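As given, the protein sequences belong to chains A and B, one line each in that order.
Per the working numbering, the very first residue in the first sequence carries number 25; after that it's consecutive.
Per the working numbering, the very first residue in the second sequence carries number 10; after that it's consecutive.
Careful: at least some of the hints might be erroneous.
Stated by the list, open to error - Going by beta-carbon spacing under 10 Å, a handful of chain B positions derived as facing chain A: (1) P36; (2) P37; (3) L38; (4) K40; (5) V45; (6) F52; (7) D55; (8) T60; (9) Q109; (10) T115; (11) R119; (12) N138; (13) Y142.
To be verified - Negatives, chain A to chain B, calculated, CB over 10 Å: (14) I89; (15) E169; (16) V236; (17) T448.
By construction, these hints were calculated from the structure, which means they are not laboratory data.
This one's a predicted model, so the numbers in the text were calculated from it and none came from an experiment.
Where a beta carbon is used, it is the ideal one built from N, C-alpha and C, also for glycine.
Each chain, written out:
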Amino acid sequence: MADLRNNFVGIKSPNPFWLASAPPTDKAYNVERAFKAGWGGVVWKTLGEEGPPVVNVNGPRYGAIWGADRRLLGLNNIELITDRDLYVNLREMKQVKMNWPDRALIASIMVPCEENAWKAILPLVEETGADGIELNFGCPHGMSERGMGSAVGQVPEYIEMVVRWCKQYTRMPVITKLTPNITDIRKPARAAKAGGTDAVSLINTINSITSVNLDTFSPEPSIDGRGSHGGYCGPAVKPIALNMVAEIARDPETHGLPISGIGGITTWRDAAEFLALGAGNVQVCTAAMTYGFKIVQEMISGLSDWMDAKGHRSLDDICGRAVPNVTDWQYLNLNYVTKAKIDQDACIKCGRCHIACEDTSHQAITQFVNGVRHFEVIEEECVGCNLCVDVCPVSNCIIMEPLAAGALDKRTGKPVDPNYANWTTHPNNPMARQAAE
Amino acid sequence: MGTTQSGILGGRLPLKEYEDNFSDLHPPLDKHEALVASDRCYFCHDAPCMTACPTSIDIPMFIRQIATGNPIGSAKTIFDQNILGGMCARVCPTETLCEQACVRNTAEERPVEIGRLQRYATDIAMRENKQFYVRDASSGRRAAVVGAGPAGLACAHRLAVNGHDVVVYDAREKSGGLNEYGIAAYKSVDDFAQKEVDYVLSIGGIEVRHGQALGRDFSLADLAEQYDAVFLGLGLAGVNALRIEDENAEGVQDAVDFIAALRQSKTKADIPVGRRVVVLGGGMTAIDAAVQAKLLGAEEVTICYRRGKEHMNASEFEQDLATSKGVTIRHWLQPKRIALRDGRVAGIELDYTTLDNGKLTTTGETGIIAADQVFKAIGQTFEASGLGALQIEGGRIVTDAEGRTSLDKVWAGGDCVLGGEDLTVSAVAMGRDAAESINRAFAAAQPLASAVA
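I would like the entire structure built from these sequences, with the hints used as guidance.
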């Protein structure tokens, strides 16, 4: 049995699956249910400063996009931080932590960008027995208009400043949650590190409008005929999140900085991918909001079974394993040649590979062979682009097969060069020519 | 409580039971079901379903239009190819046409529900009386269509769209042909056939004259003289005979008459049916008669077919439908003699048959099935007079690929044509294509003298 125990910047949990700071972690009732279902930890829904709590809209808070059979692919929300009294939250957090000492309980915090505001709230949180704090520099809607959330996360200097205050005023580990609504994720990560953060977590949600009501011309979710951009999450954002996690993991300046991976994690596979790209654990929200807390059991068993099958004994065996394989385009091996291959027994003859290739790519898949509808790769034309694989409705029906070194590439008429060679040394690269000269 | 009394009786069941038994065989999909079903379509390129459809409806397109919330656009895609797409959605043997070709069969042995999706879209458009076609400016040409069945209606509609004036002649009291008189009641509920006729005719420029039979009230020569073009969509009015003793005895009936009477009955309670019923034949007519006899309250219904299961014209789906309703299907039995008691049918004696070097022969053994009613469903024949010198072959009208007959100005299509497929959808395709052919012929002919010349 693989050991799924997680130690993230000293915060221990029985598994690496935490619930992200969001509606599911707004109060004790939900969090108790989550722990009963098996979640390793929760990041409590973001606390604001003492005083009258924020208010939420009273109309719809969520919008969505769907795939086939109305499977939820992307969710957007305009809900703010907790709208409950600070002390109610603190009391409940303390009780829950007492009830569940083996689970991680992290307090997410968002207060104004003033030293006194942070100085005031940190002791209150510390008193609950929480295992750590997460700085919400990510929320892109509502709070950002008030100078908090992503308004802080978009200015590296502010990040560094606030992290420094937090490190100064609390003994608790500090996790800095980053917004993806920036151009280069490495900048805020470096700033957080410079401020002394123990870890970063990412991504928070992405600015988005999910749809427009074509009867009323209001963006969705519509509040009395008008809409605002919301924070986008769910399976659709996973690729964006994976890239940002990887960018931080492989940046020499932030390499080794612990990362809590967030963004569209729906299955154990998604979680394993985040771990492989350098995340020390993962946080989940949309999947739970779509299917309920029980899905963590699939995540736990799936991750555990995969680790057993592959001989990975602990999370340390997989964390960051894919990071060395993330590189810049210019270092990709240009002598690696693949050709699509269609398994005729698996082919259901939908013709989508053909029309995708014919209309939009390289005219490398037949429609008819000897007058019969038949889809086959024309190796002389195939550049190995993988589009056919991606549009085929049957998994593994089309695969990309690498040509062996020395084999003839029918497209170029040349044998495959066995040596690794990339753009930096390619004769067509003007920079390479200059270097040679 | 119903009655299982012997003899041929109406009212075997309580009224409510008739209503249940003759309700929609495939209830319409609701919006949610339609969206789920349409999600399964892969939008295949050069889709096999489309190739399998005799009217070549762009099926991936109409399904995608449903999936994207545009059922009206979807209906137009369907009607562009098949103006009787509503009826075809109900009666097409999709399991041997589009749905058999669906690539989802290869993937998971369950096709996209193309027929029901087609009904979903066409129902919405027809309910909203959405008319998609405007007649071209009048061409001044006049065409006669004989037969207001699927072929005739499709032809008349397309001719009208192209600006020609059409007069449709039909021997019956109502339009629709087999759609009105020849399809099991549970496939066309709520008087759908007439609603569809109204929908088709609302294009304008089509006059229908009922009670007008070719050969009785007019001849083909008359029409050729009065009109610029004639389309014959006559269907098959005759019924094959058993050629056995006493086949005209009381209690022996043609299945097509039984089916027609059922369709014209409102409650079905007035349609008499035997306690024990035997249906002779292996096609759709046999199935429709047998299933409906059972639904009318017959205690025992047996289909007897002289060849094997694999030779039956009725699709697998239809056979399963029959057996699921309690009909027994027996094979390799050929009628030999009607058994009478007091001049009425009491049973039927059948020869066991076998194939001997590919030839059907009797084995010498016989059996008797008790029956108070026997239906003949062993095929229909083309029966028409007044056709003059029109070329007939194998008992059907000879046409070329676009429906032209041996006579100038005369086209034909549907079941009455050699090579006809005995399918509503094929008849529609032939009627539509003949109309296009007529249109081309008009265009190629000398232009009409203009009024001011």
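Handout entry: Status of the stated non-contact between A:E169 and chain B (beta carbon gap over 10 Å)
Key = It holds; A:E169 is separated from chain B by about 34 Å at its closest Cβ, greater than 10 Å.
Practice task
Verify the interface restraint on B:T115: the C-beta must sit less than 10 Å from at least one C-beta of chain A.
Solution key: Because about 4 Å separates B:T115 from the closest Cβ in chain A, which is inside the 10 Å limit, the hint holds.
Exercise for the section: Hold the hint about B:P37 up to the distance rule: shortest CB distance to chain A must be less than 10 Å. Expected result: For B:P37, the interface hint is violated, since the closest Cβ of chain A sits about 20 Å away, which is over 10 Å.
Problem - Minimum beta-carbon distance criterion (10 Å), B:K40 to chain A - result: violated (12 Å)
Handout entry: Least C-beta distance from A:V236 to chain B larger than 10 Å
Key = Since the minimum Cβ distance to chain B is about 14 Å, A:V236 lies beyond 10 Å and the statement holds.
Practice task
Return the status of the interface hint for B:D55: holds when the least beta-carbon distance to chain A is below 10 Å, violated otherwise.
Solution key: This hint holds: B:D55 lies near chain A, its Cβ roughly 5 Å from the closest one there, short of 10 Å.
Exercise for the section: Would you check whether B:N138 satisfies its interface hint, that is, whether its CB is within less than 10 Å of any CB in chain A? Expected result: It is violated, given that the least Cβ distance between B:N138 and chain A is near 22 Å, above 10 Å.
Problem - Interface restraint verdict for B:Y142 against chain A (beta-carbon cut-off 10 Å) - result: This interface hint is violated because 27 Å lies over the 10 Å limit.
Exercise for the section: Verify the interface restraint on B:R119: the C-beta must sit less than 10 Å from at least one C-beta of chain A. Expected result: violated (12 Å)
Practice task
Let me know if the C-beta of B:V45 comes in closer than 10 Å to any C-beta of chain A, holds or violated.
Solution key: Cβ of B:V45 sits 6 Å from chain A, so the hint holds.
Practice task
Could you let me know if the closest chain B CB is still more than 10 Å away from the CB of A:I89?
Solution key: Non-interface label on A:I89 holds, nearest chain B Cβ at 14 Å vs cutoff 10 Å.
Handout entry: When the least beta-carbon distance from B:Q109 to chain A is tested against 10 Å, hint result
Key = violated (13 Å)
Hint violations for this structure: numbers 1, 2, 3, 4, 9, 11, 12, 13, all remaining hints satisfied.
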